[in-house]
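Asks: What follows is the residue order along each chain.
2 protein chains.
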Amino acid sequence: MPHELTLLEQHKVFDGCQYRYRHYSTTLNCEMTFSLFLPNKKKFSSPPLLWWLSGLTCNDENFTTKAGAQQAAARLGMAIIMPDTSPRGPEVADVKEWDLGQGAGFYLNATQTPWAAHYRMYDYLNEELYSLVQVSLGFTGPHAIAGHSMGGHGALVMALKNPHKFRSVSAFAPIVNPMDVPWGQNAFQAYLGNNRDLWSEWDACKLMADYQGTALPVLIDQGDEDPFLQQQLQPEKLVEIAEKVNYPLTLRIQPGYDHSYYFIASFIEEHLTFHQQYLQNA
Amino acid sequence: MPHELTLLEQHKVFDGCQYRYRHYSTTLNCEMTFSLFLPNKKKFSSPPLLWWLSGLTCNDENFTTKAGAQQAAARLGMAIIMPDTSPRGPEVADVKEWDLGQGAGFYLNATQTPWAAHYRMYDYLNEELYSLVQVSLGFTGPHAIAGHSMGGHGALVMALKNPHKFRSVSAFAPIVNPMDVPWGQNAFQAYLGNNRDLWSEWDACKLMADYQGTALPVLIDQGDEDPFLQQQLQPEKLVEIAEKVNYPLTLRIQPGYDHSYYFIASFIEEHLTFHQQYLQNA
Chain U
1 MPHELTLLEQ HKVFDGCQYR YRHYSTTLNC EMTFSLFLPN KKKFSSPPLL WWLSGLTCND
61 ENFTTKAGAQ QAAARLGMAI IMPDTSPRGP EVADVKEWDL GQGAGFYLNA TQTPWAAHYR
121 MYDYLNEELY SLVQVSLGFT GPHAIAGHSM GGHGALVMAL KNPHKFRSVS AFAPIVNPMD
181 VPWGQNAFQA YLGNNRDLWS EWDACKLMAD YQGTALPVLI DQGDEDPFLQ QQLQPEKLVE
241 IAEKVNYPLT LRIQPGYDHS YYFIASFIEE HLTFHQQYLQ NA
Chain Y
1001 MPHELTLLEQ HKVFDGCQYR YRHYSTTLNC EMTFSLFLPN KKKFSSPPLL WWLSGLTCND
1061 ENFTTKAGAQ QAAARLGMAI IMPDTSPRGP EVADVKEWDL GQGAGFYLNA TQTPWAAHYR
1121 MYDYLNEELY SLVQVSLGFT GPHAIAGHSM GGHGALVMAL KNPHKFRSVS AFAPIVNPMD
1181 VPWGQNAFQA YLGNNRDLWS EWDACKLMAD YQGTALPVLI DQGDEDPFLQ QQLQPEKLVE
1241 IAEKVNYPLT LRIQPGYDHS YYFIASFIEE HLTFHQQYLQ NA
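Protein sequence lines correspond, in order, to chains U and Y. Read in the numbering used here, the first sequence has 25 at position 25, and its numbers run on one by one without any break. Take any residue in the second sequence, note its place counting from 1, add 1000, and you have its number in the numbering used here.
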């Protein structure tokens, strides 16, 4: 059954169009907003779809307005879907802190009170929105996934759990080992409780170490002036595991760049080109 | 005497750096913030400087984060200065409306109470900030100017009043005839009082009709889906005058684009390339 979608905004940008939609999510039990970029429909009737997952504090609009991805996407003929980072609304549990609650869903399914009632971002993306883009938005092409920081964690976890759904995965400054860094531990404790076995189901390092089936090409960019690099990110941990299990991962340390969208804007075209090479092949 | 500048932020972006500065403006009698993009200093030791003036409700960061201009500016070796759109602070007169007061300085010198105490954006840009970029930031190259909506009005007025200071001027969806459209009339009435002779000193149509001295090349882009086109913008009025007085103006109507930064992002590279051809020549 098609999902009921309300079009909130549309803007021509480069040779494509940026849309913003609202819909009621039966997975999250709340209204959700997402953004979608479509390249020129006349030139690209069945574009591949890149999922972009944003970081802590973001909603669907940060990447939309700040990354400048539409220029390359319009040229390459790539669609981009930009979901929100958590359930939203006055009925949805929240805290004052910016690294937990609304804007900080960590792309997992919460098991603990009061979070479990709404915080099921993994199922929302993996089932509801994945179905919506095909049934209601008519996407029939292949998918890839990318993200930033908490969204880099989300993209890696989503791809490692569902290698059949994506052709490739990339991340900017991802949280690769949330169960062993403060941001992740704080969130996993709240959303998942004390059981570290449950935590490991949402940890890219653990998932890659135990991966089975197809390995997807991974590109990670990390700025060496990122203030969160040492305590929260530590991408070399994932590189070490990738080498051990022979997973095709490229980590690029970019000198002078920080954690901001200025960093993302500087390399987003290269990420789109990276994905394009895998999305083009049947 | 060098101005005292406080560096608030800096971010590497593409092959350049985005800075944000704060300083006390003796013209505006308040603290002011501006942003500055510099291309790679090793490659471009004396870059030309493009002034960007933003529209209603904006501050220095809208263009910085949303226009994606740094990519082309880094490649071309062009610096960009992005001032705020009005004086700021609790001591500065303001109203609830978004089209008057803070965020809506209209790049003029107010004469009326309570605005005259702080609202002198024209002198701030034309004298204080123009001196600051040379004395304190060390710019020695040529200047160009551009802007959006109210900032397009500002860029045109600034260039028409000071053709010796700029090599070229461009605008996205500018207010070209503020004294005869609601946004401009509302602001001019408040800032300048009832004397329409005074209004005409801040109206690009009037200034171009009476221009003397050097004519600067002008490029204007206007989206035909812009909701403000008919009532507030009317660029054909300026085209008519330019044809009459033989002023070198190019107006491009861009089909499907609206008034947003998505429109600006789509054509900013072409504007930078337009300015570059005049900035390169000695």
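Errors might be hidden in some of the hints.
Claimed, not checked - Calculated from the model, a selection of chain Y residues having no Cβ within reach of chain U, i.e. all distances over 10 Å:
#, residue
1, His1011
2, Phe1014
3, Thr1065
4, Val1092
5, Trp1098
6, Thr1113
7, Lys1165
8, Glu1225
Stated by the list, open to error - Footprint (simulated), chain Y over chain U, 3 or more residues, beta carbon under 8 Å:
#, stretch
9, 97–104
10, 203–211
Stated by the list, open to error - Non-contacting residues of chain Y with respect to chain U, defined by C-beta distances greater than 10 Å in every case (computed):
#, residue
11, Val1013
12, Gln1071
13, Gly1089
14, Glu1128
15, Gly1223
If you are wondering where the hints come from, they were derived from the structure by calculation, not from laboratory data. Ideal placement from N, C-alpha and C gives every residue a C-beta, glycine not left out.
Asks: Minimum Cβ separation between Y:His1011 and chain U greater than 10 Å?
Replies: violated (4 Å)
Asks: Would you assess whether Y:Lys1165, listed as outside the interface, keeps its beta-carbon beyond 10 Å of every beta-carbon in chain U?
Replies: At about 29 Å from chain U, Y:Lys1165 clears the 10 Å cut-off, so the statement holds.
Asks: Are all C-beta atoms of chain U more than 10 Å from that of Y:Trp1098?
Replies: holds (18 Å)
Asks: Was Y:Gln1071 rightly flagged as not at the interface, with every chain U Cβ beyond 10 Å?
Replies: Nearest chain U Cβ is 7 Å from Y:Gln1071, so the label is violated.
Asks: Per the stated criterion, does the least C-beta distance between Y:Glu1128 and chain U lie above 10 Å, as a non-interface residue requires?
Replies: Y:Glu1128 clear of chain U: closest Cβ-Cβ about 28 Å, beyond 10 Å.
Asks: At 10 Å, judged by beta carbons, does Y:Gly1089 keep clear of chain U as stated?
Replies: Fine: 26 Å to the nearest Cβ keeps Y:Gly1089 off the interface.
Asks: Regarding the assertion that Y:Thr1113 does not contact chain U, is the least Cβ-Cβ distance greater than 10 Å?
Replies: holds (38 Å)
Asks: Verify the coverage statement for the stretch 203–211 of chain U against chain Y, using a C-beta to C-beta distance below 8 Å and requiring 3 or more qualifying residues.
Replies: violated (count 0)
Asks: According to the definition I'm using, a residue is off the interface if its beta carbon is farther than 10 Å from all beta carbons of the partner; does Y:Val1092 meet that for chain U?
Replies: Non-interface label on Y:Val1092 holds, nearest chain U Cβ at 27 Å vs cutoff 10 Å.
Asks: Any Cβ of chain U at or closer than 10 Å to Y:Gly1223, or is the non-interface label fine?
Replies: violated (8 Å)
Asks: Check the non-interface label on Y:Thr1065: least C-beta distance to chain U beyond 10 Å or not.
Replies: Y:Thr1065 is in fact no farther than 10 Å from some Cβ atom of chain U, at 5 Å.
Asks: The output says Y:Phe1014 does not contact chain U. Does that hold with a beta carbon cutoff of 10 Å?
Replies: violated (5 Å)
Hint compliance for this structure: hints 1, 2, 3, 8, 9, 10, 11, 12, 15 are broken, all remaining hints hold.
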